[in-house]
Every structure is written in structure tokens, then in C-alpha cells.
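J.: Chains as they are written, first to last, in the numbering used here: chain A, 1 to 106; chain B, 1 to 202.
If you are wondering where the hints come from, they were derived from the structure by calculation, not from laboratory data. Take the hints with a grain of salt, since some may be wrong.
Claimed, not checked - Here are the simulated lysine to aspartate or glutamate pairs, EDC-like style, with alpha carbons at most 20 Å apart:
| # | chain 1 | residue 1 | chain 2 | residue 2 |
| --- | --- | --- | --- | --- |
| 1 | B | LYS148 | A | ASP98 |
| 2 | B | LYS153 | A | ASP98 |
| 3 | B | LYS153 | B | GLU163 |
As the list claims (entries may be wrong) - Quick partial rundown of chain A residues pointing at chain B, CB under 7 Å, derived from the structure:
| # | residue |
| --- | --- |
| 4 | VAL62 |
| 5 | ILE77 |
| 6 | LEU81 |
What the hints assert, rightly or not - Computed far set for chain A versus chain B, every beta-carbon distance over 10 Å:
| # | residue |
| --- | --- |
| 7 | GLU7 |
| 8 | GLU38 |
| 9 | GLU74 |
| 10 | VAL94 |
| 11 | MET97 |
| 12 | ASP98 |
Quick reminder that beta carbons are idealized off the backbone N, C-alpha and C, glycines included.
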Amino acid sequence: MNPIPMEQSLMVAAMLFSLGLIGLLVRRNVIFMLISIEIMLNAAGLAFVVAGSHWQAADGQVMFLFIITMAAAEVAIGLALVLRLQSDLPTLDVDAMDQLKGGDDA
Amino acid sequence: MFWLTSIVAIVATLLAISRLNATHALLYLIVSFLSVAVLFLQLGAPFVAAIEVIVYAGAIMVLFVFVIMLLNLGPHAVEGERQLLPPHAWIGPGLLAAVLLLELLMPLSNNQFIPTTGTAKHADHSTIPTIPTEAAPQLQERMVVGPKEVGIKLFSTYLLAVELAGFLLLAGLVGAFHIGREEPRTSAKPGAMEVPSQEGPA
């Protein structure tokens, strides 16, 4: 099996990242926006691992572990926020949440 | 082989961000994470491939599924759940995952992936495990960065960052608990999430 060229792997990571970015910009559902953020973080981690495997270093994988730790913390907070917002507003549309303090009519 | 995995990853991601149903999107998202894990395996990083499957496709996706199921609670939950996952919803993710499985099985039968899988199994012995002799040339030209090197690096050079990650996780835990806690003025249980908006000024 040939070694995989770094440019192609980075291209895949860039495509995954742009797909996540497109999803984040296009979708208005909070759940889908969180999903798109996960895709982008995953693509960034893929880029780290690609670089680490290119230079035969373990640093890329270490950075991926930190990224995955951060993603876990972020998704826990984000989904708790989603639950709170759902209990305050009957929708998951972010455009309905354009006011601070819970979006009441103040 | 690498391009096949990349195509599966990109197609699954594209379908994940374009689904209207959140549960269907999660199915494709899991396939996307699995294909990235296969990419890691092909890049010679078996440890993070396993971590990707366990943490991303496992733990984080379980969080998402929990929340989506919580949001769908209500009197119509049973029909909702039935129409949430019709049998044809599994076809697309199943096909993509089958491509990944074939891709993993094919080199295994050709003895090409033996170095990588061997490293993943003998995690704490050595980075270069005992391998069949016919698989040795592949190992020479494609070094696998195994879990041992990652662990040594993680707990020597990046020790401070590991402790900071611990702080981050603790902050995430406390923050999620604080945000998700019921406020005293509302009497809503988590099961009664469908009752719309105890409208009180926050």
C-alpha cells in the first residue's frame, strides 16, 4: 500500500470542513448547527492527524485527543442549552432566539 | 482505497447536513465519523481511529440521540418514533457503512493491514509488533504511529495541556449541569418538555 499523499488527505479535510461550514451557515435548526460544528472539528482533527502521519510524529494524534476533549465539552454545553431553549421557546429555530434573557417580549 | 474512504466520508457528510429529519442526519453523521476513523487507520494512526469510534461515533452521538429523543417526548411520541425511523432510512447509511466494512475486510484478506491491526491489538507491548514476514515490507514503507508513542508524548511533553483538558472537562460538566438544571420557579420535569414555554420573565 502506497503512502497516502499529504495534499490529497488535506484536501479531504478541507472539503469536510467546508461542508461543515456550509451546513452551519445554511441550516437554521440548532441541532443541525451543532452537528455542523462537530463536522468542522472533526475535519480539523483529521488535518492534525494527516500532518502527524506525514512527519511520523505523535503530536498530531495528541492534538486530536485535545480536539475531541474540547468537542465533548462543547457538545455537552450546547445540548444543555438546546434543552433549555426548547423548554423556553417551542421551536428549535435560531432566528426565533434573537433576544437575550430567554426571548421573552421584554 | 484511500479515495474510496474519502468519497464515503464526503458523501455521508453531505447527506448529513442536508437531511430534514435530525435522526436521519445523525445516521449519516455516524457513517461520516466511521469513515474518518477508517481514514485514520489508513493514515497509520490506529489509536485515534479507535478513539474516534468510541468517543465521537459513540459517546457524542449518544448525547445527540438523547437530546433528540428528549425533544420528541409527548403524547405523540410513539407514532413519532415509528415514523422517525422507517426501514428505508437505514438503506443509505447502511450502504455507506458496508462500503467501509468491505474496505476494511479486503486488505485483511490480502495481509496488507496486518501491521496496523497488529499495533492496535498489542497496544502496550511495542509499536512494531510481531508480524508475518510477507507483511514486513509494507511496514517499512509506512510507519505506524502507535498508542505507545502517543501516550509517551501525551504525558511528557503535553502534560500541562492534559491537565488543562481536565479543567475544561470539569468546567463543561459543571456548566452543563448548571444550564440543564430546572429553575425553581418552573415545575417542568424533563419528561414534560413538550409543554410549551412556562413564559416567565427570566
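J.: Compare the structure with each hint and give your call.
T.: Evaluated hints:
Simply put, B:LYS148 and A:ASP98 have alpha-carbon atoms about 49 Å apart, too far for the 20 Å limit, and the pair is violated. For the proposed pair B:LYS153 and A:ASP98, the alpha carbon gap of about 45 Å is over 20 Å, so the pair is violated. Distance check on the hinted pair: B:LYS153 and B:GLU163 sit about 14 Å apart at the alpha-carbon level, within 20 Å; holds. With a cut of 7 Å, the hint placing A:VAL62 at the interface with chain B holds, because the nearest CB-to-CB distance is about 5 Å.
The interface hint given for A:ILE77 holds, since its Cβ lies 5 Å from the closest Cβ of chain B, which is under the 7 Å cut-off. Checking A:LEU81 against chain B by beta carbon gives a least distance of about 6 Å; that is within 7 Å, so the hint holds. Interface exclusion of A:GLU7 from chain B stands, the closest Cβ pair being 12 Å apart, more than 10 Å. With a least beta-carbon separation of about 7 Å from chain B, A:GLU38 fails to lie farther than 10 Å from that chain, contradicting its non-interface assignment.
Not every C-beta of chain B lies more than 10 Å from that of A:GLU74, the closest at about 7 Å, which undercuts listing it as non-interface. At the 10 Å boundary, the C-beta of A:VAL94 stays outside the reach of chain B, the nearest C-beta of that chain being 14 Å off. Every Cβ of chain B is farther than 10 Å from the Cβ of A:MET97; the closest lies at roughly 12 Å, confirming the non-interface assignment. The non-interface label for A:ASP98 is consistent with chain B: the shortest C-beta to C-beta separation is roughly 15 Å, beyond 10 Å.
Going through the hint list in order, the structure does not satisfy hints 1, 2, 8 and 9.
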